[in-house]
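Protein chains: 2
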Amino acid sequence: MNKMKNDLYLRTLRGEKVERTPIWVMRQAGRYLPEYREVRKQAGDFLTLCKTPELACEVTMQPIDRFGLDAAILFSDILTIPDAMGLELVLEEGIGPVFNKPVRSEAQIHKLSVPDAEDDLGYVMDAVRVIRKELDGRVPLIGFTGSPWTLASYMVEGSGSKDFRRIKGLMFESPQAAHTLLQVVTDSVISYLKAQVAAGVQSLMVFDTWGGVLSTADYKVFSLAYMQQIVSALKSDEMTKDIPVVLFTKGGGPWLEMMADTGCDGLGLDWTVDIADAKARVGDRVVLQGNMDPVLMNTGQQQVRDHAMLVLEGYGQHEQSDKGHIFNLGHGIQPFAHPDNMQALVETVQGNSQQFHKQADVTQTND
Amino acid sequence: MNKMKNDLYLRTLRGEKVERTPIWVMRQAGRYLPEYREVRKQAGDFLTLCKTPELACEVTMQPIDRFGLDAAILFSDILTIPDAMGLELVLEEGIGPVFNKPVRSEAQIHKLSVPDAEDDLGYVMDAVRVIRKELDGRVPLIGFTGSPWTLASYMVEGSGSKDFRRIKGLMFESPQAAHTLLQVVTDSVISYLKAQVAAGVQSLMVFDTWGGVLSTADYKVFSLAYMQQIVSALKSDEMTKDIPVVLFTKGGGPWLEMMADTGCDGLGLDWTVDIADAKARVGDRVVLQGNMDPVLMNTGQQQVRDHAMLVLEGYGQHEQSDKGHIFNLGHGIQPFAHPDNMQALVETVQGNSQQFHKQADVTQTND
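Line by line, the protein sequences are chains P and F. In this text, residue positions in the first sequence follow this note's numbering: the first is 108, and each later residue adds one. In this text, residue positions in the second sequence follow this note's numbering: the first is 108, and each later residue adds one.
Hints are not guaranteed to be accurate.
One copy or any two copies: either way a pair holds, since identical chains are not told apart in the list.
[To be verified] Straight line, CA to CA, 27 Å or less: simulated BS3-like cross-link-like pairs of lysine-lysine:
1) Lys218 to Lys240
2) Lys218 to Lys342
3) Lys327 to Lys357
4) Lys269 to Lys208
5) Lys327 to Lys348
No wet-lab data here; the hints were simulated from the structure. Every value quoted in this text rests on a predicted model; they were computed, and no experiment measured them.
For reference, chain P alone in the conformation it holds in the complex:
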């Protein structure tokens, strides 16, 4: 394996002192890019794009080539695991994900089993290997999964939901069945993430898109406990113990302390969280990733530059006791975003964050 040319993202996640703030953007390979829309059209549908390693590689590389971001993220979907479990994922533009065979009975839950990551989800591992080869050490590759709660929500609701009454109904009325479901999903996630690491991803992220719809008490028991299992499993395995893990619960601002307690390396912050406040609460324990409002990417370049500076200033000076900051949006970039705004964002962070790294001794582990 070649030595990495830009390992700023990984050094930051290891808590090392760095020369500037790294940046990547959730959904950076996506519909706002004309070159993505071109490949997407070629593929025919979204799932074919995910399941064709060469095409997944092509779109993964697009934002790296165009903007020079500091990390690449595997192009895939959070719902690959339930699809591999036989729920038949359908992804239609404008409608969102739908399962042809949602989980609607306890009998179905007891029939679910952990997919074989290299067999049933081999297309993901193939994509990782192709992308790693294509990246050739330019920047690290991030692998990811949906959180158990988020996957279970989609599996039971059969699609997105406004009120989550099906999954919450299961949780409130048949908590044991809900836990059985969450456990098989968690076991699947652990196996899936380990296989991603074996295939070549250098960092991991867990997207808990729907944890924020829970009460604090239910979040602990039905979402966080399973993310804890994932972190513990990864940190106790020789192969994965040094791979940084970032947890992101949308709407999880109130729970940062307990999320940091899992032993993860970083926390994703949505845009509603005040990053200065988050830093004061957990910034000495975990790297913070985020958190500009994604809607800004649909406005003008000046607004993007101004608000990116507000996030950098919000985190402020990187002191010795601070774990660090990775710039990102507070949620995925939207289809309406202007590619020029992404350019402005990357330039702002890469060109103006040095001033916030003056207080710390920089550890250069590379070059």
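Starting from the known structure of chain P, arrange chain F on it as the hints suggest.
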């Protein structure tokens, strides 16, 4: 005016020590009730129901008659003000509110003016008067409004939104125009709430349904500042200064301290907030209202009873320094809820909350 038979809700909001926890439920007059669906069918459509004082009164009374709740809330919609401004509200079942004439230009914003509350919104005031007469002092009547940010969001988006990119685009790109819009809406809200009080409501609630989609910095400037104007205007007017005001920002858990700083009397909590934590933060300054997950009302009676107890225990003993607690759900009751569960909820709170009121000397101002 007759002496009030059950003024527990008002005594609680005045910070008096009471004998048990009062309960009302957001959207307590709603589709989960068969008798509501009957009147709704009779009316033809939702807006006709709102605009016909006798029918609005009938559905307002239904949950009071059936369950013996401790407060009635005016049956109306949060979007009456923009409708009166000429945006033409259409409310269709399953689709949600839509404006035929959304605000899509700065020129439109500058043409907006404050509706006359007794003229353009006279049907609301008529409903208040009819309901007060019908209530005949049984329980207090709550009036309400949408928050300026929430109303402006609907006005600019033209409907609900997933990403709020239109209103946020205005906020980020033309903040002055956004403030002009928010100001005319705020002036309208103040005039509207004063007219509701003049007509007879005995308590007020501001629903900030969409404040939670903002960053902390933007929430302060674009939502909270205008709710502050409303509270200040009401508290400095002889007619309204003693009318309790409750603010509710869905997703506003992180901002309870600054919401309490407005000088409001109570804060609504959504179900994601830990009520014990909220009490520790602001319970000595404001009454807390909430906050059971509304999805529980779609499950079984035992689940409802158990979780209602968890909320009561979460607030815990009412000490002398605690302002108090009003039981409610963390958001509106859903159409799928079972009426029997509402009965179980009311019985649980009215029959089991006395044990949490033992530490405080009860001030009986009535009977």
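Taking the numbered hints from earlier one at a time, note which ones the structure violates and give those numbers from smallest to largest. 1, 2
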